[in-house]
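Asks: Protein sequences appear in the order of chains A and B.
Each residue of the first sequence is one higher than the last, beginning at 3 in our numbering.
Each residue of the second sequence is one higher than the last, beginning at 3 in our numbering.
In short, the hints are calculated from the structure, not lab data.
Take these hints with a grain of salt, some might be off.
It does not matter which identical chain is meant; a pair holds if it fits inside one copy or across any two.
Said to hold, decoys possible - No more than 20 Å apart at the CA atoms, straight line, and that leaves these computed lysine to aspartate or glutamate pairs for EDC-like:
#, residue 1, residue 2
1, K327, E8
2, K45, E328
3, K327, D122
4, K327, E209
Computed from a prediction, not measured in an experiment: that's the story for all the values here.
There are 2 protein chains.
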Amino acid sequence: MPQKFEFRRHATDGRARAGEIETPRGTVRTPAFMPVGTAATVKAMLPESVRATGADIVLGNTYHLMLRPGAERVARLGGLHRFMNWDRPILTDSGGFQVMSLAGLRKLTEEGVTFKSHIDGARHLLTPERSMEIQALLGSDIVMCFDECPALPATEAEVAASMRLSMRWAERSRTAFGDRPGHALFGIMQGGVSRELRAESAEKLREIGFDGYAVGGLAVGEGQEAMFGVLDYAPEFLPADRPRYLMGVGKPDDIVGAVARGIDMMDCVLPSRSGRTGQAFTTRGVVNLRNARHAEDPRPLDADCTCPACRGYSRAYLHHVVRAKEMIAGMLLTWHNLHYYQCLMAEMRDAIGEGRFAAWRAAFHSGRAEGDIAPV
Amino acid sequence: MPQKFEFRRHATDGRARAGEIETPRGTVRTPAFMPVGTAATVKAMLPESVRATGADIVLGNTYHLMLRPGAERVARLGGLHRFMNWDRPILTDSGGFQVMSLAGLRKLTEEGVTFKSHIDGARHLLTPERSMEIQALLGSDIVMCFDECPALPATEAEVAASMRLSMRWAERSRTAFGDRPGHALFGIMQGGVSRELRAESAEKLREIGFDGYAVGGLAVGEGQEAMFGVLDYAPEFLPADRPRYLMGVGKPDDIVGAVARGIDMMDCVLPSRSGRTGQAFTTRGVVNLRNARHAEDPRPLDADCTCPACRGYSRAYLHHVVRAKEMIAGMLLTWHNLHYYQCLMAEMRDAIGEGRFAAWRAAFHSGRAEGDIAPV
C-alpha cells in the first residue's frame, strides 16, 4: 500500500470543487458524503451494503467507541477496520463535540474535559493528547483535532474564548499526533457566525499546518441561512489545496449549498436516522412512508432509483413494514437514503467535472419543487 | 410454469425420508426447514438473504396478514409473493393456531372463531371458508386447513371433541378450497398424545384426501419426550407418498429427531427470534453472545460456518453489537441461525440419500456434547 495521503483537485466550477483524496486504504471521491457508523456499525446496514451505495469512507465516533467497546480493546482486536469489517478509509471525530453536548455531566478545563459515561456512569478524561491516542488505537485514517464547540446561544466573547481554547488544543493535537505516514490530521475552524473570529481561527490553523481543514461549529441549530452565511466566506480562509470538511451536515439542500460554497466532505446521521423512522429522500422531496396514502400504492418509492428498496418493493409494502415496525423497514429505507445521498454526490462530482454545476443545481431545486410527492 | 404440485421421495433411511416437492414456483428439497415470515418479512432479513441461506420456501401467517395489511389489499397488490419480494414457494398457516392462543379475546363455535384484533380491537370472524379465501387471496402455494388446537392441559374428552371439530373443519376446508392446479391443501392431524385419537384423525383426513398432511397439536408445551412419543407412531398413520409437516418445530435436536421419525417439513421462529436476542446455534451448541466471555474473543462464532456473520466478524464484535443493541446484531445472528438450520437440513438430506443417517445422527449428538462452547 502506498503510505501517502494526498488530495487532488480535478476540477473547479464556480467555488465548487471535484477531486479525490488518496489514502493507503483507498480513494475517496470528493465531494464526499460519509455515512455515520457511530458504534462500529452504520445502523441497519451491513458494511458491504454501505459500500454498494457508493460510499468510499465512513465516520466513526470516538466518544461512543472509547466507552464501548473501548479503544484499547478495539486495538487488541486489530483496529476498527477489521473489527467492523470495513477495509476502506475511516474518519473519526475527536469526541469533542459529543462530550460538549453532555450538559451537566461534564467539566471543562484548559487541560480537557472530564465527563461521565452515559452507559455506566464511569468518569473519563478526554484531552487533545488522549483523543489523538484513541484515534490512533482505533486506526483511523483521518483523525480530527480535539476541539470545543460552545452551545448556542453564546455571546461573541464566549465564542471567541472557546475558539481560542480550540486553537490551543489544535496545537496540542498536532504535537500529539506526530508523524504517521498514510494517516491525516484535520484541523477544525471555529468562531461561530463571526467573520473576524473565523478568519483568526483559520489563520491559526494554517500556521500550525494540517492535512485538511474542517468547518466546525455549524449545523448546531443556527439554521441554514446563518450556516450558508458563514460558508459564503469561511471556506476561502482555508488553503485551496487541502480538503475542506463540513461536520454534521445535512439535509440534501444543505449539502448542495455547501458544495456550491467550496466544501469537499460532509457527514450526517440524517439519511440513516430518517430511514429508521420511515422517512425517505427522493429526487422529488421527502416521503413519509407512515402516511396512510401509501397503503395501496403499487409504485416504487422512486421509479428512477436502483436501490434494493426501489427495485423490489412497492410503497404499499414499505408503508406496511414501517407501520408493523419490522426491521426490514429500517434496513430498506436506510439503504435507499444512503443510496440517494451517494447518487447526489456522484451527480455533483460529474456536473462540476463537466462545468455545468450551476445548471445541475437549478434543476435539483426545481425538480424537488415540482414533484408528485409533496414534501412532509 | 408447470401447473402441478408433486412430492417425490428419492430415498428412505430407516423412517427418515429425503425427496422434493415440486411446485410451479420452484422445488422444495425435503426434509425442509421453512423460515417464518409472519408479517410478510422474515424478521431482520432481506428475502435474497433468506434465499442465500438455502431456504426453498418460507411460511406466512394468515392471522397477522389478515389484520395488517389485509388479505384483500395484498391481493390487489399482486399477491404475497410480489408484495414481499419472494418468488419461491410460500406456505401459509390457517390462522387457527394463532386465534386459539388469544385466550379471553375469542369465541369458538361450530361455525368458526370470532376474535378481536390485537392491533386495533376490530372484530373478525375466521371460518374454514374464510381461511381458504384469505390464503387464496394471499396466493399461498401450500394452504393449511383451518383447525382448532386445544390449550394444554386438556382432558382426553376435550382433546377428542376438539379433534373431531377440526376434522369437520378439514372437510369444510377441502370443499372451500376447490380445485386449484399448482396449489396444495394440507390436512392437519390432531388428537394430542392419544394414539387412538391420532389414528382416528388420520383416518378421517385420508378419507377426505389432501396433498400433504401436517402433524398438529405438538410443540405446544408438552415437552420433547411426549412429542417424540407421538412421532414414534403418528407419521405412519399418514400416506407415505405425501409430505408430512410438523408444525412449529423446533430446536435443532427436535428437528433431527422429527426427521428420524419420518417428518419432511418443519417451521419455527426459533432461529430468527434467537438471533434477535443474541443467541446463536452452532455445531457445538448454543452460544449466548451477550456473555462477557466473548468480549475480547477474536475468533469467529463458528470457524466452519460460511455465513456472513462468521466470515466477517469476531465473537468480540458480535458481543459488542448485541450489547449496544445495534440492528446489525439481529441481522447477522438471524442470518447465521437460518444458515445453520439450512446446513442441518442439507446434511440430513445428504445422509439419508447416502444411507448413513444413523451415523450422521450419532455424530450430530456427540459433536454437540463435546464442543468447546458450553451450551447455555
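Asks: Please list, smallest to largest, the hint numbers that this structure does not respect.
Replies: 1, 4
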